[in-house]
Amino acid sequence: MLWHLFFVFLKVGCISFGGGYAVMTLIQREVASKGWVDSGQFEEIVALAGMAPGSIATNTATLIGYTTSGIAGAVASTTGIILPSLIIVIVIAAFFLKLQGNAWVKSSFYGLRPVITGLIIYAAYHFGLGGRTEALLSWTMLGTVVICVGCLIAVTHFKIHPFTVILLSAIAGIIIF
Amino acid sequence: MNTKLKEQIKMLPQIFGVFFRIGPSTFGGGYAMIATIEQEIVHRKGWMEESEMGDMVSISGSAPGGVAVNSAAFIGYRLGGVPGAVAAVTGITLPTFVIVFVLSLFYALFKDNDKVEAALKGIHAAVVALIIMAAFKMGKSSILDVPTLFILATALSLLLFTGIPPFYLILGGPLVGIAVVIMKRMMGLSIRTEAPSAASKQELNFPEYYI
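The listed protein sequences derive, respectively, from chains F and G. Each residue of the first sequence is one higher than the one before, starting from 1 at the first, in my numbering. Each residue of the second sequence is one higher than the one before, starting from 178 at the first, in my numbering.
Hints may contain errors.
Straight-line C-alpha distance at most 16 Å; calculated EDC-like pairs for lysine to aspartate or glutamate [stated by the list, open to error]:
1. Lys288/G <-> Glu43/F
2. Lys314/G <-> Glu371/G
3. Lys106/F <-> Glu371/G
4. Lys361/G <-> Asp322/G
Source of the hints: derived by calculation from the structure; they are not laboratory data.
Assemble the whole structure, with the sequences as input and the hints as a guide.
Okay, structure coming up:
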């Protein structure tokens, strides 16, 4: 199981272009196909991961590892998701620094970036609505939309720091739900 | 060579220490961290030149993985070779790892508490908002013309309506990108492969925070 966790997150780590939220889609797909955690658990894990410092993707990996096989699992999946970044950055820093201005590389990123945008939108969709069984017009749904819109306004309009927003929405959650 | 190696080994605990401190203090990977890293590495420690930060940002933004971990790997490598990179990455990851861990222990204790559950629902909504922001930001720098819009639409519908592993999308995106650029060149059209950088420079603040 530990090797399994390690390799799944190693695979995710290799293709985690765009970091953070784009990777959530990758992780969610992998985890769902393996049946390691159900979608309710996944939501809880991501909420916890969002509260801790560090990349939300790495934190999610840590928590999924911990949920499925304890501390050793957490170490295995965290190592798995970080190792490819480490190796790839070292290789680029050592050999391919000049590639940065290369036209092929630029064209590749020209095509890759919209895909990453797609992954992030899908993550928003899936995390916001997906796997929800109750009616769309429930109290929970309404509360979620209200907090979500509030957060968007707080960050874009009032320039409040995302971590403060997360804390405030925890309080709002206690009041509403 | 030998003295260089010794110097590198002597640097390791220092590298580890600096990144261990940066890890939890900035709350979040992402571009927000770059300012802190620059402050610490360039101004306080004098380990790198300011001009090298540009390389660091572009490499850590384009390699897979989080920007924070990638920057740590890059600086660690520059300062202490492969062991330096390992020390830096371990340093930046360890505090988060422990914090995530403690959080999940607390959560296990209070799982059945109504208040905790309500708070998590609130955070869930906030995370959805942050993801939407991230999507918007990414969209602004990636949707430059009709082909990129088409790639986005295709990728999104494949994700929504088929079970295609995202791996193929990540592989396919660059191929389509290269094909589009070649075709446009052949038709004699000019093409812009990047958003103007002035806009992205200004927004080094926190919207990209968690990316």
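Hinted pair, alpha-carbon criterion (16 Å max): Lys106/F, Glu371/G. Please report holds or violated. The hint holds at about 8 Å.
Taking only the CA atoms, is the gap from Lys314/G to Glu371/G under or equal to 16 Å? 14 Å, holds
Sort out whether Asp322/G lies within 16 Å of Lys361/G, counting only the CA atoms. 12 Å, holds
Lys288/G and Glu43/F were given as a pair; does the straight-line alpha-carbon distance stay at or below 16 Å? Holds - the C-alpha atoms of Glu43/F and Lys288/G are around 14 Å apart, at most 16 Å.
Checked against the numbered hints given earlier, this structure breaks none of them.
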